[in-house]
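**Q** Residue numbers (our numbering), protein chains in the order written: chain W, 1 to 448; chain R, 1 to 130; chain P, 1 to 488.
Mixed in with the good hints, there may be bad ones.
[Stated by the list, open to error] Distance windows between CB atoms, simulated:
hint, chain 1, residue 1, chain 2, residue 2, range
1, R, D92, P, R16, 53 to 59 Å
2, P, E39, W, G373, 20 to 26 Å
3, W, A283, R, T57, 16 to 22 Å
[Unchecked claim] Derived DSS-like pairs (lysine-lysine); straight-line CA-CA distance at most 30 Å:
hint, chain 1, residue 1, chain 2, residue 2
4, P, K369, W, K12
5, W, K404, P, K22
6, R, K32, P, K114
7, W, K194, W, K414
8, P, K114, W, K9
9, R, K32, P, K186
10, W, K222, W, K232
11, P, K314, P, K114
If you're looking for bench data, these hints aren't it; they were derived computationally from the structure. The structure displayed is predicted, hence computed values, not measured ones. Even for Gly, the Cβ is constructed at its ideal location relative to N, Cα and C.
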Amino acid sequence: MSYISLSDKDKKEMLERAGAASPEDFFCGIPEHIRLGRRLDVPDGLTEPELLAFMESLAAKSDYGRCLSFLGAGAYRHVIPTVVEALSSRGEFLTPYTPYQPEVSQGTLQAIFEYQTLICQLTGMDIANASLYDGASAAAEAVLMADRLNGRTRVVLPLSLHPQYRRVIETYTRHTDLELVEAGYGDDGRLDLKDLESKIDDRTTAVLCQSPNYFGVVEDLKTVARLARARKALSVAVVAEGVSLGLLEAPGRLGADIAAGEGQSFGLPLGFGGPYLGFLACARDFMRQLPGRLSGMAEDAEGRRGFVLTLSTREQHIRREKATSNICTNQAWCALRATIFLETMGHDGLRELAAQNGQKARYALETLSALPGVTARFSGPVFHEFVLRLPKSWKAVDEALRGKDILGGVGLEKDFPELRDCVLVNVTEAHSRRDIDRLASSLREVLR
Amino acid sequence: MYPGDFYYTKDHEWVRVQGQDAVMGITDFAQKQLGDVVFVQLPEVGANLEAHQSIGTIESVKAVSDVFSPLAGEVTAVNGDLVDNPEIINQDPHGKGWIMRLKPADPKAVERLMKAAEYEKHLEGLDKET
Amino acid sequence: MKREPLIFEVSDKGKRAFRLPKLDVPCGQDPWRGYSLRESIEGFPQVSEIEVVRHFTRLSQWNHAVDIGFYPLGSCTMKYNPKVNERVAAFPGFAGVHPLAPEEYAQGCLEVLKRTEELLGEITGMDAFTLQPAAGAHGELVGMMLIRAALADRGDPRRVVLIPDSAHGTNPSSAHLCGYRVQEIKSDGSGRVDMAGLEKAMTSEVAALMVTNPNTLGVFETDIRKIAAVVHSRGGFLYMDGANMNALCGVCRPGDMDVDVIHLNLHKTFSTPHGGGGPGGGPVGVKNVLEPYLPGPKVDRRDGRLVLVADLPKSIGRVRSFHGNFLVVVKALAYILSLGAEGLKEMSEVAVLNANYIRKSLEGLFHLKYQTPTLHECVFSDKFQKEHGISNLDIAKRLIDYGVHPPTMSFPLIVPGALMIEPTETEPRRELDVFIEAMKAIAREAKESPELLKSAPHASPVRRLNETAAARNPVLRWTEDMTEPSRE
Chain W
1 MSYISLSDKD
11 KKEMLERAGA
21 ASPEDFFCGI
31 PEHIRLGRRL
41 DVPDGLTEPE
51 LLAFMESLAA
61 KSDYGRCLSF
71 LGAGAYRHVI
81 PTVVEALSSR
91 GEFLTPYTPY
101 QPEVSQGTLQ
111 AIFEYQTLIC
121 QLTGMDIANA
131 SLYDGASAAA
141 EAVLMADRLN
151 GRTRVVLPLS
161 LHPQYRRVIE
171 TYTRHTDLEL
181 VEAGYGDDGR
191 LDLKDLESKI
201 DDRTTAVLCQ
211 SPNYFGVVED
221 LKTVARLARA
231 RKALSVAVVA
241 EGVSLGLLEA
251 PGRLGADIAA
261 GEGQSFGLPL
271 GFGGPYLGFL
281 ACARDFMRQL
291 PGRLSGMAED
301 AEGRRGFVLT
311 LSTREQHIRR
321 EKATSNICTN
331 QAWCALRATI
341 FLETMGHDGL
351 RELAAQNGQK
361 ARYALETLSA
371 LPGVTARFSG
381 PVFHEFVLRL
391 PKSWKAVDEA
401 LRGKDILGGV
411 GLEKDFPELR
421 DCVLVNVTEA
431 HSRRDIDRLA
441 SSLREVLR
Chain R
1 MYPGDFYYTK
11 DHEWVRVQGQ
21 DAVMGITDFA
31 QKQLGDVVFV
41 QLPEVGANLE
51 AHQSIGTIES
61 VKAVSDVFSP
71 LAGEVTAVNG
81 DLVDNPEIIN
91 QDPHGKGWIM
101 RLKPADPKAV
111 ERLMKAAEYE
121 KHLEGLDKET
Chain P
1 MKREPLIFEV
11 SDKGKRAFRL
21 PKLDVPCGQD
31 PWRGYSLRES
41 IEGFPQVSEI
51 EVVRHFTRLS
61 QWNHAVDIGF
71 YPLGSCTMKY
81 NPKVNERVAA
91 FPGFAGVHPL
101 APEEYAQGCL
111 EVLKRTEELL
121 GEITGMDAFT
131 LQPAAGAHGE
141 LVGMMLIRAA
151 LADRGDPRRV
161 VLIPDSAHGT
171 NPSSAHLCGY
181 RVQEIKSDGS
191 GRVDMAGLEK
201 AMTSEVAALM
211 VTNPNTLGVF
221 ETDIRKIAAV
231 VHSRGGFLYM
241 DGANMNALCG
251 VCRPGDMDVD
261 VIHLNLHKTF
271 STPHGGGGPG
281 GGPVGVKNVL
291 EPYLPGPKVD
301 RRDGRLVLVA
311 DLPKSIGRVR
321 SFHGNFLVVV
331 KALAYILSLG
341 AEGLKEMSEV
351 AVLNANYIRK
361 SLEGLFHLKY
371 QTPTLHECVF
381 SDKFQKEHGI
391 SNLDIAKRLI
401 DYGVHPPTMS
411 FPLIVPGALM
421 IEPTETEPRR
431 ELDVFIEAMK
441 AIAREAKESP
451 ELLKSAPHAS
461 PVRRLNETAA
471 ARNPVLRWTE
481 DMTEPSRE
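Using the sequences plus the hints, can you model the full thing?
**A** Here it is as structure tokens:
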């Protein structure tokens, strides 16, 4: 199937007007010796029914859907209200470019403005950008931003920060003069504050702190921010599960200078990892060092309210190599979905969603840790996710659970050798009590 | 157009000597090139600057321009009015739109800059290039 | 025109647009003891479902979009985004799969990745691909990091990246982010890389030349092989920005031009929707020499199964969580499979035909700085209209009144007052003619009634917006003390 709209007559007449005998003529600037000179080794084109059948056969090879899954670790299955799909799939939202011409882009620009507002409200920050690629790259941009703000040399990364976020930050900072310093965690699963304090000094650019952290434990952001501030370092709150902001105190109110996180939970499907949505918010003083697009309020020639992309001089297309970041897009359509999701959930809905996540996770933790030999690995307060220690190797347990069509969680040994036999279990509102009880009874059988 | 008692640089800054101090800003040509100024980044009072050192940037909606210190010296004052009213640079670039005042390390250095006639000639040359 | 309020302005306590099922697990007396909870989410909206639906439906109607009309943004490739691709990406076997699902539960997803890598390899002639970068600029960054890693490995760290003056702003920015100093290479009179300038600049300190081909003027770098030879002979790498690959499919391949590393834009050449500014996809293809440095994990075939290999000692590491913008990759794969070999070639041929049809139709009315033959886009300027005090901005805004989205403006920088036009292959001739007629009318209006252009647009939901005031006093969010403008 090709999507060309020209008839043979069109082609002929247009070639004539363009002064060419055949399309070949247009390619005269391409020397013979680099021409392909053969047909591409790509299969013949498919019609729509053929394509659907083929892609369905591929999709069917992924058995994941058959399983009851408790996988989380930075990607969460939540309810997606029907209106999110119905409205975001409109061609007017799906098929425009970046809103460089504000007069014909007010829909996208106002939606971004509302998105920025929602993120500010959730994080308790003054300003937020129009979104970044994902939570991991948002955390990395936060680090680079802190570097521009105070020009120091060391960044403290807790071990309880999502390992993939740590990897991305390592990649992004490799060619800067920033040194990454690790901070450990205690038996409650929280940042070891003594260790942290000993690692903050006058060279410290920023202290990152994920809450709830990778183990699902809610951190003491307030103390972390205080420790950072005492040495004039910036504190960056990282949020890998946006839903938690519906219930937990906003990072901005706990003293964080920058909040970076992942908005996948706001109406984006798991999608084998993407596209997702990175958010970045900060104090107004840092406005000129905030990377990424911004939608701002403006007035038109007749005094009507409208919106424009603003403060563009921070960006690559104007400041080139001196820009705040090389990022050239946001994830506008993902941000749109998040906006529709959050406005549909509304104040009460989002709070209830967050509360249900926490309560179901708590129920699961209590039920599972009551099984013989199973214990909660950490004593700290958990939110949507928790770590269990098992009496057997996770590998064996995992395999046995898979035999019962259950994916019980994410094993931690690979990233945390000290957490052998430990598994990270996620529960959301999309799990019913029966799902949780099924995991418990299956685990009991497996461990018997 | 360009005051005869000022000195000028190729980067389109002007300098006016006032007693022991030198006041500087950007020229009318520079403000016209930029268009409506929306933001001015000022240096810190007390900073010791080298000649040609970047002291900050001036931004319009779609352009950014570095501003360089025309002389070596210590910053003694900056024009705080520009923070809230950057349009002053467009309205009165050679007067109320001044950017900073500094104590030159070498009081004679300013004489090595261009005089108004020279600067106007320099501008004519630029005009031909485009 | 009626204004659409901000959602916060229609919010009222107690309104709901969604309800969750009742909590079905027991919950303790004081479940949140010891937690630092928020009392409320200050200012968060409370609206009904129909309010959400009308709000976004009305907002959508104030956007121009490919689904509505012609969108000739140069270098952005605003082609039709097939609906079937959206349907495919929503299959539960793709959309519903967790990124950490064990390999044996995600074979279909891994196959999408592997097949796409292989097809892109064939289309570009590169040896290996990574699909992890989330956008073109992200791909550029990866490409630069690969070069830096390879040079470090060779014990030959270098400091400089050469970039032609016609390049996208992202190129210098990406090189800089990777720790390189950027040096500009001038274009020659034909709009191509100036070979003498390159010879001179290409020292042993230069890590790479970043070149866009065809470049942002739509001109093919005829000497690309010679350029590669110069760069290689001094130990550097040749990076090709593949943003304009839409012009070359089935005709020639970057791999055969001795390019070492390339990024593609799935949202340009491979039809995935731009979504108002993302999500995109920025796959990076390399020759064997750079393959060990690609980000991981990578998909490999082993004993008839697909596996994820994470143990890559030379890899630059991760640039994004999980596997990149996977569902965007699904759409691109669906597109390649729909078109097939013949369709891909026809795509490029017609893209070039449409662009040349426009160029020929407007030549003489609008100034064309470079006379060199062009491929999929052409760059006019406002030079003739400047005589009447009309700028490219005025022309762009007036086009809106004719129902057409303006071309890319003021870029590339080497053409003052640029209007960069890329029609793409999917446009019907009728739409091209509407655009051509509109441009002719505007050329006339510029002489006869310039005021009409300066005050344009007249027929859009809002008139020209005061960007200067917006930047001087940025208002970046709604706050409760804001008053809603009265409705007209």
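**Q** Indicate whether the distance between the beta carbons of W:A283 and R:T57 respects the range 16 to 22 Å.
**A** For W:A283 and R:T57 the Cβ distance comes to about 21 Å; the hint holds.
**Q** Next pair to validate is W:K194 with W:K414; report whether the Cα-Cα distance is within 30 Å.
**A** 26 Å, holds
**Q** When you check the alpha-carbon spacing of W:K404 and P:K22, does it fall within 30 Å?
**A** 28 Å, holds
**Q** Taking only the CA atoms, is the gap from W:K222 to W:K232 under or equal to 30 Å?
**A** 15 Å, holds
**Q** Hinted pair, alpha-carbon criterion (30 Å max): R:K32, P:K114. Please report holds or violated.
**A** 54 Å, violated
**Q** Do the alpha carbons of P:K369 and W:K12 lie within 30 Å of each other, as the hint requires?
**A** Distance ~28 Å between P:K369 and W:K12 Cα, so the pair holds.
**Q** Does the beta carbon distance between P:E39 and W:G373 stay inside 20 to 26 Å, or does it fall outside?
**A** 41 Å, violated
**Q** Holds or violated: are the alpha carbons of P:K314 and P:K114 at most 30 Å from each other?
**A** Answer holds: P:K314 to P:K114 is near 21 Å, not above 30 Å.
**Q** Need the status of pair R:K32, P:K186: alpha-carbon distance at most 30 Å?
**A** 26 Å, holds
**Q** P:K114 and W:K9 were given as a pair; does the straight-line alpha-carbon distance stay at or below 30 Å?
**A** 40 Å, violated
**Q** Check the following: the C-beta atoms of R:D92 and P:R16 are separated by a distance inside 53 to 59 Å.
**A** Since R:D92 and P:R16 have Cβ atoms about 56 Å apart, the given range 53 to 59 Å holds.
The structure fails to meet hints 2, 6 and 8 from the earlier list, while all remaining hints are met.
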